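Colleague: Chains as they are written, first to last, in the numbering used here: chain A, 8 to 342; chain B, 17 to 241.
No lab work stands behind these hints: they were computed from the structure.
Honestly, I wouldn't trust all of these hints.
Said to hold, decoys possible - Okay, derived cross-link-like pairs now, EDC-like style, lysine to aspartate or glutamate, Cα gap no bigger than 16 Å in a straight line: (1) A/Lys200 to A/Asp217; (2) A/Lys84 to A/Asp110; (3) A/Lys153 to B/Glu191; (4) A/Lys200 to B/Glu200.
Stated by the list, open to error - Covered, in the sense of this in silico footprint (three residues per stretch, anywhere, with C-beta under 8 Å from a C-beta of chain A), are these stretches of chain B: (5) 29-41; (6) 191-197; (7) 202-213.
Just so it is clear, the structure is predicted and the values come from calculations on it, not from any experiment.
For glycine and all other residues, C-beta sits at the position ideal for the given N, C-alpha and C.
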Amino acid sequence: MSLKNYIRDKLYLIISSIITAIIITFFLFAVKTNRAAILMVNALFWILIISILIKEYTRRKEYYVDLESTMEALDQKYLITELLKEPEFLDGKLLFQTLRDVDKSMCDHVNLYKNKQLDYKEYIEMWVHEIKTPLAASKLIISNNKNEVTASIDEELEKLDDLVEQALYYARSAALEKDYLIRETNLAPLINKVIRKHAKSFIYKNIRADLHDIDTIVYTDIKWMEFILNQIIANSLKYIRHDHGTIHIYTCQQKNSVQLYIQDNGIGIRSNELPRIFDKGFTGSNGRTNEKATGMGLYLCKTLCEKLHLDIQAESHDGTTIIITFLINKQLLFQ
Amino acid sequence: MYRIMIIEDNDKIRQELCDFIAKNGYETIPCSDFEHILSCIDQEKPDLLLLDLNLPIVDGHYICREVRKTNTALPIIIVTSRDSEIDELISMNLGADDFITKPYNLQILLARIERIIKRTYENSSSHTLSINHITLDISKSALTYQDKTIDLTKNELRIMHCLFLHKNTIVSRSELMQHMWDCELFVDDNTLTVNINRLRKKLEYIRLDDLIQTKRGLGYIIYES
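Whole structure, please, built from the sequences with the hints as guidance.
Modeller: Here it is, written out as structure tokens:
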């Protein structure tokens, strides 16, 4: 609020005061009042007007300067009502009250959606756990009745299981609160577990799994990490289509971080599509020409990595390399 | 024969699990009376407990805790569809010996049952299998025949183990590989060929030239006479 703007705002008062002063002066002249008295009346009148203007200006100026600086310093602008004191002038008071009411109703509204989302997430989690019971039952029936038909059904069940997991992690990734546990974790058993899970595909497609230097300690959540690795390896397996397929998995020790490389010699990703592969729903030319690609897998990996404070990148020369970077510095993680 | 009690509220899973475990050489005691589980455990005195967490009336954690109050030796494996770290942690703290999430890999479930039973009831550290006086010592990774012993590498041991387990039946190459992958030995087709050739050379050394027979196009087999 500058002085110029203030004066422009109060122009009506100044003009009407000038007119009033002129009328009074003429009137007093007309009734032949003493000159000194006329001067006196004028002076008093102007003292009154100017003091009103100055007082109004200073208290507004003080308040709005405070408001602007607080606003600027605030990260979450909607919290302004919590920090501001109530102004002393009436119009300010009214606005302040309105602002508070608006803010409160907005908060209620946001909370409503927050709760709805939480409910939904809880439902998905429950549903996922419920559906695992029939899945487990089906798998048991299959392993008690092994033949070609059930083996084929088993493959489909594996896919079903993966999709169910994806839904679970999607719900978890969208949730606002933390439900993961970052701990000191050895990568080797985790990677072995995921590879073992895909053993059938590896053996069937005759793809080599080449693991070295994976006996490394990192800080991450085991379940989430397993899901991420599972997605990446499933992708690699999907896009290797020749006889000498290999998936290399290894780690590299950097100064402040550990980098995990998952490298395949599959069909790779076009360089113009590379920046977008982590986008939600992006399928790319590989995904479109092949059987179903939802574009959710890598998007979820990215989202989960962000939540775990990990960096994930993709490179493509003669196949695809996914690089996940774990920070070693503990302090950074527990902030 | 070891007796395994299965506490699971889903009828089908209980039935199939019983069938599967019974097929693999254990006696099973299905439990469906959820009101009197604890007294049932007392009566039957099983050697191992397979326990689901989500149960009607009382939950698995409660049972686990109650069992531990009176019986600290009974091995308990918790099998559940809840897969949170917290559940696993609580289960372990309550004294469960293992924790497996649904839908589980049955081979892994079996392997864990076997391991826990061995650890609890069979103190002898050696674990051996034998066919025709040929002894495979798994803990020492060695094969003995007529006082001659050869040492086996990790891969060779797993190949022999798999063939010994399936004696008199043909084991295909992919089954063999699956078995090795389950043991976290990620070998490819060529490595398997190399390993089998080396294994045969070693077997020749102790005069077991045709122990492993090749069924062309089908796989390998060890006959027990």
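Colleague: If a hint holds in the structure, say so; if it does not, say that too.
Modeller: Do the hints match the structure? See the list:
1. Under the criterion of a C-alpha separation no larger than 16 Å, the hint pairing A/Lys200 with A/Asp217 is consistent with the structure, at around 14 Å.
2. For the proposed pair A/Lys84 and A/Asp110, the alpha carbon gap of about 11 Å is at most 16 Å, so the pair holds.
3. Note on A/Lys153 and B/Glu191: the hinted pairing holds, with a Cα-Cα distance of about 13 Å set against a maximum of 16 Å.
4. The suggested pairing of A/Lys200 with B/Glu200 holds, with an alpha-carbon distance near 8 Å, which does not exceed 16 Å.
5. Counting residues of the region 29-41 of chain B whose C-beta sits closer than 8 Å to any C-beta of chain A gives 6, which meets the bar of three, so the coverage hint holds.
6. Counting residues of the region 191-197 of chain B whose beta carbon lies closer than 8 Å to any beta carbon of chain A gives 3, which meets the minimum of three for the stated coverage.
7. Judged by the Cβ-Cβ criterion of 8 Å, the region 202-213 of chain B is covered by chain A as claimed, because 3 of its residues qualify and three suffice.
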